[in-house]
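Peer 1: With chain A held as given, fit chain B onto it using these hints.
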Amino acid sequence: MTTQKRMDAGLRIFFTGVGGQGTLLATRMVGEAALIQGLNVTMSEIHGMAQRGGVVESSIVVGDIASPIIADGQADVMLAFEPLEAIRALGKCHAGTTAVVNTVPIVPFTVAAGQGQYPDVQDVLEDLQESLAKVVALDAVTLAREAGNVRAANMVVVGAFAGLQVLPVERSAWEESVRRLLPPKLHDVNERAFALGFDAGRAVA
Amino acid sequence: MHELLSPDKGGKRLLLGNEAIIRGALEANVGFVAAYPGTPSSEIIDGFARLGDEAGVEVEYSVNEKVSMESACAAAISGVRSLCSMKHVGLNVAADAFMTLAYVGVKAGMVIVTADDPSLHSSQNEQDNRFYAKMAHVPMLEPATPQQAKEMVLAAYEISEKFRIPCLLRTTTRVNHCRGVVELGDLPSGSVQGEFQRDPFNLVVVPMVGRKLRLQLLEKEKGLREVSESSPFNRLEGSGPWGIVTSGVSALYVRDAVRELGIEDKVTVLTLGMTYPMPERLMGRFLQSVDRVFVVEELEPYLEEAVRNTAQKLGLGLPISGKGPDGIPEAFELDSLKVKKALGRFFDVPVETPTPLSAPQDLPPRPPNLCPGCPHRATYYSVKKIFGEEAVYPTDIGCYTLGLLPPLQMADFLICMGSSVSTAGGFSRVLDRPVVAFIGDSTFFHSGMTGLVNAVTHNRNILLVILDNGTTAMTGHQPHPGVSITAAGRVEPRVDVEQVVRGCGVQRVTVVNPLNVKKTQAALEKIREEMKEGGVSVLISRSPCPLFERRMLGTKQRVVFQVTDACDLCRDCLSQLGCPAFVWERDAGGECVRINETLCNGCAVCAQLCDAVKPKKL
Numbered sequence: 001m002t003t004q005k006r007m008d009a010g011l012r013i014f015f016t017g018v019g020g021q022g023t024l025l026a027t028r029m030v031g032e033a034a035l036i037q038g039l040n041v042t043m044s045e046i047h048g049m050a051q052r053g054g055v056v057e058s059s060i061v062v063g064d065i066a067s068p069i070i071a072d073g074q075a076d077v078m079l080a081f082e083p084l085e086a087i088r089a090l091g092k093c094h095a096g097t098t099a100v101v102n103t104v105p106i107v108p109f110t111v112a113a114g115q116g117q118y119p120d121v122q123d124v125l126e127d128l129q130e131s132l133a134k135v136v137a138l139d140a141v142t143l144a145r146e147a148g149n150v151r152a153a154n155m156v157v158v159g160a161f162a163g164l165q166v167l168p169v170e171r172s173a174w175e176e177s178v179r180r181l182l183p184p185k186l187h188d189v190n191e192r193a194f195a196l197g198f199d200a201g202r203a204v205a
Numbered sequence: 001m002h003e004l005l006s007p008d009k010g011g012k013r014l015l016l017g018n019e020a021i022i023r024g025a026l027e028a029n030v031g032f033v034a035a036y037p038g039t040p041s042s043e044i045i046d047g048f049a050r051l052g053d054e055a056g057v058e059v060e061y062s063v064n065e066k067v068s069m070e071s072a073c074a075a076a077i078s079g080v081r082s083l084c085s086m087k088h089v090g091l092n093v094a095a096d097a098f099m100t101l102a103y104v105g106v107k108a109g110m111v112i113v114t115a116d117d118p119s120l121h122s123s124q125n126e127q128d129n130r131f132y133a134k135m136a137h138v139p140m141l142e143p144a145t146p147q148q149a150k151e152m153v154l155a156a157y158e159i160s161e162k163f164r165i166p167c168l169l170r171t172t173t174r175v176n177h178c179r180g181v182v183e184l185g186d187l188p189s190g191s192v193q194g195e196f197q198r199d200p201f202n203l204v205v206v207p208m209v210g211r212k213l214r215l216q217l218l219e220k221e222k223g224l225r226e227v228s229e230s231s232p233f234n235r236l237e238g239s240g241p242w243g244i245v246t247s248g249v250s251a252l253y254v255r256d257a258v259r260e261l262g263i264e265d266k267v268t269v270l271t272l273g274m275t276y277p278m279p280e281r282l283m284g285r286f287l288q289s290v291d292r293v294f295v296v297e298e299l300e301p302y303l304e305e306a307v308r309n310t311a312q313k314l315g316l317g318l319p320i321s322g323k324g325p326d327g328i329p330e331a332f333e334l335d336s337l338k339v340k341k342a343l344g345r346f347f348d349v350p351v352e353t354p355t356p357l358s359a360p361q362d363l364p365p366r367p368p369n370l371c372p373g374c375p376h377r378a379t380y381y382s383v384k385k386i387f388g389e390e391a392v393y394p395t396d397i398g399c400y401t402l403g404l405l406p407p408l409q410m411a412d413f414l415i416c417m418g419s420s421v422s423t424a425g426g427f428s429r430v431l432d433r434p435v436v437a438f439i440g441d442s443t444f445f446h447s448g449m450t451g452l453v454n455a456v457t458h459n460r461n462i463l464l465v466i467l468d469n470g471t472t473a474m475t476g477h478q479p480h481p482g483v484s485i486t487a488a489g490r491v492e493p494r495v496d497v498e499q500v501v502r503g504c505g506v507q508r509v510t511v512v513n514p515l516n517v518k519k520t521q522a523a524l525e526k527i528r529e530e531m532k533e534g535g536v537s538v539l540i541s542r543s544p545c546p547l548f549e550r551r552m553l554g555t556k557q558r559v560v561f562q563v564t565d566a567c568d569l570c571r572d573c574l575s576q577l578g579c580p581a582f583v584w585e586r587d588a589g590g591e592c593v594r595i596n597e598t599l600c601n602g603c604a605v606c607a608q609l610c611d612a613v614k615p616k617k618l
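Residue numbers (the working numbering), protein chains in the order written: chain A, 1 to 205; chain B, 1 to 618.
Hints in this document: simulated from the structure, not taken from any laboratory. Here the structure is a predicted model, which means the values were calculated and not measured. Treat each hint with caution, since some may be false.
Unchecked claim - In silico DSSO-like cross-links for lysine-lysine, where the CA-CA straight-line distance does not exceed 27 Å:
#1 A:K185 / B:K556
#2 A:K185 / B:K12
#3 B:K134 / B:K107
#4 B:K134 / B:K313
#5 B:K526 / B:K385
#6 B:K518 / B:K385
What the hints assert, rightly or not - Non-contacting residues of chain A with respect to chain B, defined by C-beta distances greater than 10 Å in every case (computed):
#7 V121
#8 K134
#9 V136
#10 E146
#11 E170
#12 E175
#13 L186
#14 H187
Said to hold, decoys possible - Far from chain B, some chain A residues (derived; all Cβ distances over 10 Å):
#15 M43
#16 R145
#17 V189
#18 E191
The beta-carbon is built from N, C-alpha and C at its ideal position, and this holds for glycine as well.
If we strip away everything but chain A, and leave its shape as in the complex, we get (with noise of 0.2 Å):
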């Protein structure tokens, strides 16, 4: 009911990553399944001096809106790959936002070098879920070295948005999007991760 009134409006999904993460693929995902479903979907990337380890953001609107970005307070959906951009990002999100979150932090340089200290990942979360409608909080690390490779980690986070139910898009045209993007030979791993946080996602959807 909650993501049919949402699809009405269309839906704002706003992803926060690290560089290196595969945010960028995890985005890329997400609209194609979206397409091969039917739904009108654009998205929206910033290559270039965003990598090299610093924030990458991406977005995805579904449905009938125009607007490649999102706007502050916007975010229906948040995909954070990481806890400190998972807060960091909260300015794009409102109290009726849901959010999915790797926990496990990459701490950044500036860190090391004695600039500012990395948050307490228990308090983030705390914060993030007092802020946000619905936060699933999952280790998508330890999830994807189950599945076989900790780089698959990304798609941890999708199949969990994915188990949501959020976006009404069947689990066939995910697991299509996942056989588009990726060689064959890491069809297997990408796939059980994608199954691990789908059931993590479907459990407290």
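Peer 2: What follows is chain B alone, placed relative to chain A:
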């Protein structure tokens, strides 16, 4: 087959704006493509480089944007449709060619993509390149979506060919790097053989020819105005008394904002896709049909000036607004919320906005950084050891610009590509301090060579450090004239940096591998002494970009480094080298420094600086 060569006419693909531009050019039977990479345009030339052979398209990574435009115009003047693409500041480099190419024109269609970067996501400024169209009298199309980008490329070739003038396709980051549904069209078959007809009194621009062509250009513009008047890209929607004028990606923000404000039946929206020449009659009819007008556009008041101009010509006194403190900001990109608020204020409609949450203020920043194992870090570390705080360090554009961040802080001045060496020459004449400039290999070829010749000519007392990592790393590892690593393995470079430097007349040229810290610092010591004699010294600091080398040659990493118990917690590794593989941790047991083995690249620079760091075989 490359996915952009799919013959699936009518098929739908989720394409990046830049991919849609490639597809559009392929559907228009483009035969020649040239570009120097630059965000947000790089994927255009990279895509062409991947599919060129298969598609029968000649593809050139040019040495800079001016060269790319000249190269591509030669094809177009010979009857082969061509394309060149560049970031917005690239058109500054190509502007000399551009302004007079507008006079001389083309025979086959030529499209020039200028990719503007509002909000400076990856640029040094956010100039509005729409003014180039106006200055050169060149037609311009401004797409809003990938689908429209593809359609406009096709239309641009038609316009260009019909009027024998290049056509500008002006995009912004949110078009280039937006991915949307694009419907594929037909791919033509068969390439066109170039043919050149000698015609010096139209093709060789001496003053008498230029005078004639200037008048022809103004004549062409009359015809182009008619194209704009009837262009399907310039359209009116709605019939309400409140007028809105917009173009490009701003049109999308307007659409969402109007719907969210619930004012669909109160507005008339003039959406412009062909923004040079302006469709003045269409705009006039629009202005006569509304009682006030608001202009929504990113960056400068380009449309707004045209609207005011048209209203003045028609003697219309209706209120016109756009840029201003209560309106649309001039700086940075827009979004639907900014547009909604501005429209609400102007039309006096209540605005409901989401209540954004706010992030805590004291979060540690995560700026981009030189990668672990990056040879630039090693070069900076050594130069800083020898030249210290006293020297002035002009720098240039590339990954190495990140050397401005702590702890390296090895960047003092930068304005544009190639400015390192030329400004170093200037600094050296007015300052009584050593001047050490940094430039990357690709940037050196792009626009550093002329500055070096200038410095030698005037005997400037500078050290130019050429950071030679064998690729154009920042924009995605594109080749340049000096590359020695290719997919086929190691090769002799076509143009060797060292020979070029010597050819420019530099007597003191040293080549080092910066990953060897001791030898590099010894070389720098020697250079510092030699600089007392005056004149130009060049240090070529050569070590391949590790990401590139691994990708191209598939070399495996053999070793990682570890911090052993001998660590005395001096933290020099963190405060001086700043390699992101280093981690500082504090827990109940005290503090420690360690190396994240998944990030360590095995470059061994840290191990040369600290006895507590030891290798571990993989």
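Peer 1: Run every hint past the structure and note whether it holds.
Peer 2: Results for each hint:
no. : hint            : in the structure
1   : A:K185 / B:K556 : holds, 20 Å
2   : A:K185 / B:K12  : holds, 26 Å
3   : B:K134 / B:K107 : holds, 22 Å
4   : B:K134 / B:K313 : holds, 18 Å
5   : B:K526 / B:K385 : holds, 13 Å
6   : B:K518 / B:K385 : holds, 11 Å
7   : V121            : holds, 13 Å
8   : K134            : holds, 14 Å
9   : V136            : holds, 18 Å
10  : E146            : holds, 18 Å
11  : E170            : holds, 17 Å
12  : E175            : holds, 17 Å
13  : L186            : holds, 17 Å
14  : H187            : holds, 18 Å
15  : M43             : violated, 4 Å
16  : R145            : holds, 12 Å
17  : V189            : holds, 17 Å
18  : E191            : holds, 20 Å
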